[in-house]
Amino acid sequence: MNFLFFLAAFLFYFVTLAFCFTRFESRHHPARYFVLFSLPVAMLVFLFAVIYLHPITQDAADREPTRWLWLHLGLILSGLAGLLTAVSSAMMYLLQSAQLKSKHLKNYFFKLPSLDSLDRVHFISLVWGCVLFSLGILSGILWAQNLKELGQWLGDKKVILSLATCLMYWGILFLRFSSLRRGQKIAIGTVFVFILLFVTIVSSHDVSRFAGRV
Amino acid sequence: MEILVMGLNHKTAPVEIREKLSVPANEAMGFLKRFEQKRIFDEQVLLSTCNRTEIYGVVQNHAEAVDAAKRILCEYSHLDLASFEDKLYVLKQPDSVRHLFSVASGLDSMVIGETEITGQVKEAYLAAHQNRHTGKVLNNLFQRSLKVAKNLRTHTEIGVGRVSVASVAVDLAEKIFDDLKGVRVMVIGTGEMAAQLLKAMTGHGARALIVSSHHEERARELVREFGGEAVPYELFEKKMGEVDILLTSTFSSHCIVTENQVRSWMRARHDKPLFLVDIAMPRNIEASTEKMDNVYLYNIDDLKEIADKNKALREGQLETCAHLVQAQTQYFMDWLFKEFNSKIAASGS
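These protein sequences, in sequence, are chains Z and B. In terms of my numbering, the first sequence has 206 at position 206, counting the first letter as 1, and numbering is strictly consecutive. In terms of my numbering, the second sequence has 1264 at position 264, counting the first letter as 1, and numbering is strictly consecutive.
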């Protein structure tokens, strides 16, 4: 189930990239480089996720799938795809910005999109990612059939992390929307939250148990 | 049957000779008509740019054709043959084929790897083709030369980066703002270098604001030439909120743009990227501004360094390009031999 979940997430990510490709491809937006850069980031994330994350609880797995479940999964996966697109565009933004600051232009400078394009992709994907991910969490709460079950869920590290990530990304979006910050600082924030989430997931897991299982 | 090229270029002839032998586009077909009337070539294309005048032709008798072509050049330019004969080059196949491939790819240009020549080769070929001056050989040769040019640009780094200061600045601006259409560029100073940069930026769609403290008439002249508006020096700070690119080129002995000023502009712009180009000597913008987030400051040395690096990169690609051109020349010669085997053999014997 865990593997299928992330396989589906990866497919959603492809759809998001395909959207970016058609939306931004032109002489000034070489979207193919955007896709080429994003894919290894996504692959790495999904690989770690498949290896480290706990399978979903037996209780939840035993339950009959309902409309809420499909809605919950669809929204979470779409949100995840949006956030991953935001992270990869933020990383490209920082790379391109560092090139421009250093004044020593490498070959990939000419291949990466402009800061303006990257900022736009980053902003749009972050908005969609945050909104869909939040709706996903909300639908998950509604899926929980009673308060006791909800309490159990809120004790789950995955759920806590998801909520924290979502809140942090909303914070970043607030700064961007209110025009208090943009460009480099917002891009750094997006990547920082992502790294924080990633490190927390990896470090909170009992790796030795996983090694024993393999 | 043989493919021949005869002409002169910036490497072989000074501008005084080149301008006499240059054929404007509106006279090109009349010029080729003279060759057709005297039956010098079976097929012919004229390539005339500011740096070269070349006639490509398919001939049966090489020596006679060259003499007749020289006579036409003398008639056209009203020059004695002796004054330019030593500047002319005459190349036979496969050198003529290799030469066209190099020309079309920008390898023989003054600025190595430039792309304008590819368009000029295409136009020259289309004009000759439309007027029925080309046949199977030159059709194939010119079409292949355009493919070779594209191939080289795709598979080598001959076209990577720009090699002039103005175009490097445009490249950088496009990597910040994507499209210069709608981007506002303010120029403080009205010198020659500032005008060149302004021309390059407005040529890509940027809108200009020209500021001058001492040469208001010159500022208005630039406005007439490149559009935009002239702004009195006292008002330039008020206009900074609308500006994305600031170009400074004054003779001021002190900095006219300080870090504090840029900081307040950035606050007003909500941290939207700002591109500062300081081509003045001594510099007009405080160097410490480059440390600020979303501010990209380049001075004249930075731009020159990038231009020189790109130029060196292109020159470093020449050997690889030469190999590719040689391979394509061989490919074309194989085709020519297969198609016109008997004729080539007959003319060679």
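Please note that the accuracy of each hint is not assured.
[Claimed, not checked] Once the Cα atoms are required to be at most 35 Å apart in a straight line, the calculated DSBU-like pairs of lysine-lysine come out as: (1) Z:K111 / B:K1092; (2) Z:K185 / B:K1272; (3) Z:K101 / B:K1011; (4) B:K1136 / B:K1238; (5) Z:K103 / B:K1272; (6) B:K1087 / B:K1239; (7) B:K1181 / Z:K185.
[Stated by the list, open to error] If you want the footprint, here are the derived chain B segments under chain Z, 3+ residues with CB under 8 Å: (8) 1119-1131; (9) 1187-1197; (10) 1265-1272; (11) 1288-1295; (12) 1298-1310.
These are calculated hints, taken from the structure and not from any lab test. A quick note: this is a predicted structure, and the numbers were derived from the prediction, not measured. Ideal placement from N, C-alpha and C gives every residue a C-beta, glycine not left out.
Here's how the hints hold up against the structure:
A distance of roughly 40 Å separates the Cα atoms of K111 (chain Z) and K1092 (chain B); the hinted pair therefore is violated under the 35 Å criterion. At roughly 11 Å between alpha-carbon atoms, K185 (chain Z) and K1272 (chain B) fall within 35 Å of each other, so this suggested pair holds. For a cut-off of 35 Å, the pair hint linking K101 (chain Z) to K1011 (chain B) is broken: about 39 Å separates their Cα positions. Distance check on the hinted pair: K1136 (chain B) and K1238 (chain B) sit about 64 Å apart at the alpha-carbon level, beyond 35 Å; violated.
Restraint check: the Cα-Cα separation between K103 (chain Z) and K1272 (chain B) comes to about 20 Å, which is no more than 35 Å; the hinted pair holds. Our distance criterion of 35 Å between C-alpha atoms is broken by K1087 (chain B) and K1239 (chain B), whose separation comes to about 55 Å. Between K1181 (chain B) and K185 (chain Z) the alpha-carbon distance is near 26 Å, which keeps this suggested pair within the 35 Å criterion. Using a Cβ-Cβ cut-off of 8 Å, 0 residues of the stretch 1119-1131 of chain B lie near chain Z, which falls short of the minimum of three, so the contact claim is violated.
Counting residues of the stretch 1187-1197 of chain B whose beta carbon lies closer than 8 Å to any beta carbon of chain Z gives 0, which falls short of the minimum of three for the stated coverage. For the stretch 1265-1272 of chain B, the assignment as covered by chain Z holds, since 3 residues bring a beta-carbon within under 8 Å of that chain's beta-carbons and 3 suffice. Look at the stretch 1288-1295 of chain B against chain Z: 3 of its residues bring a Cβ nearer than 8 Å to a Cβ of that chain, three or more, so the hint holds. For the stretch 1298-1310 of chain B, the assignment as covered by chain Z holds, since 5 residues bring a beta-carbon within under 8 Å of that chain's beta-carbons and 3 suffice.
Comparing the model with each numbered hint stated earlier shows that hints 1, 3, 4, 6, 8 and 9 do not hold.
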